[in-house]
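Asker: Listed below, chain by chain, are the residues.
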Amino acid sequence: MNNPYSLVGKTILITGAASGIGKCTAVECSKMGASVVLVDSNSEGLDATMSLLIKHDTNRFFAGNLTDEKFLSDLAEQTLELDGVFLCAGVSDTTPVKFFTKEKIDRVFGVNVTSPAMTLRYLLSKKKIRKCGSLVWMSSYGAEQVESGLGIYAASKSAVNGLMRTYAKELLPRQIRSNSIMPMMIRTELLSTLTNISEEDWKKQEAKYPLGFGSPLDVAYMAIFLFSDASRWITGAQLKMDGGSTLI
Amino acid sequence: MDEKLFIKNFAEQFEDRDPSTIAISTKFRELDDWSSLVALSVMAMCFEEYSVILSADEMEHAEQISDICDIVKSRCQNE
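From first to last, the protein sequence lines stand for chains Z and S. Note that my numbering has the first sequence beginning at 1, numbered continuously upward. Note that my numbering has the second sequence beginning at 1, numbered continuously upward.
Heads up, a few of these hints could be off.
Calculated pairs, DSS-like style, for lysine-lysine (alpha carbon to alpha carbon, straight line, at most 30 Å) [to be verified]:
1. Lys203(Z) to Lys4(S)
2. Lys204(Z) to Lys4(S)
3. Lys27(S) to Lys126(Z)
From chain Z, some residues computed to sit far from chain S (all C-beta separations above 10 Å) [said to hold, decoys possible]:
4. Ser41
5. His56
6. Ala63
7. Val91
Note that these hints are calculated values from the structure, not bench results. Here the structure is a predicted model, which means the values were calculated and not measured. From the three backbone atoms N, C-alpha and C, an ideal C-beta is built for every residue, glycine too.
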């Protein structure tokens, strides 16, 4: 039986694959039959993710700095042809506006905005993304519903949405689709490392979600849908996931 | 570390508060204009002015300005 949600025969590249949402999505894509190309700066984390994948001759991993253009160029040269790219690597920041520094802005924009744009620039120029491929960008609901202290992060995710829609438009002739996922609170290792959010704050936040906090698995399933043929008519969309929090 | 300067720096994180209206023993959560944004700003100030990273749990457990000042002092001395 034809399963439109299957990823059998597809090759998906995932950045930020050593932890959190990227790692979870890599494992789930593998379970759905995809070959997976993992990318992250953390080589030990990549080893761990590799060990969780369904064995496939074409699974690969590349460890390197996603803000280093030479690494991105080499990655594009060496990777297999791709059916999907999940631009998932990201960093967060909690700084009130009057404490912004150029370094903080550059760090967040470097990883969240410049890096995915340059990753795709090299993959596209080396023709490594197949016709009818799918690009999935990790954005955030925080791009629209701003919170105090999250200005730099919100700006970077707004920029991601702008890029996502531009790629969707420019890549229409090749029928390569481009969409972003905008979850509200997903509690990952990345967020748990933010020392200026207390356990008490986390509990207060979770009370605002009728369906509880999202998990990396919730985002992984959305990404799988966007990589699958089942989503062939969706491009340029910002897909919001909010656990019912905007209904109350 | 200069306590008076710390209190001045602390007061500056509020929108419009005269430093003379607070003291080292002030229970800052009881101030009308205390907010989560001021809390984030105090933490950012501690890093910018004193290179001290204050965790949210430390902030949560602090009651008086002196509690935060003591943490900053102890970390400054350790450097």
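Asker: State for each hint whether it applies.
Answerer: Structure-based check of all given hints:
no.: 1; hint: Lys203(Z) to Lys4(S); result: 35 Å, violated
no.: 2; hint: Lys204(Z) to Lys4(S); result: 34 Å, violated
no.: 3; hint: Lys27(S) to Lys126(Z); result: 61 Å, violated
no.: 4; hint: Ser41; result: 22 Å, holds
no.: 5; hint: His56; result: 42 Å, holds
no.: 6; hint: Ala63; result: 28 Å, holds
no.: 7; hint: Val91; result: 17 Å, holds
Checked against the numbered hints listed earlier, the structure breaks hints 1, 2 and 3; every other hint is satisfied.
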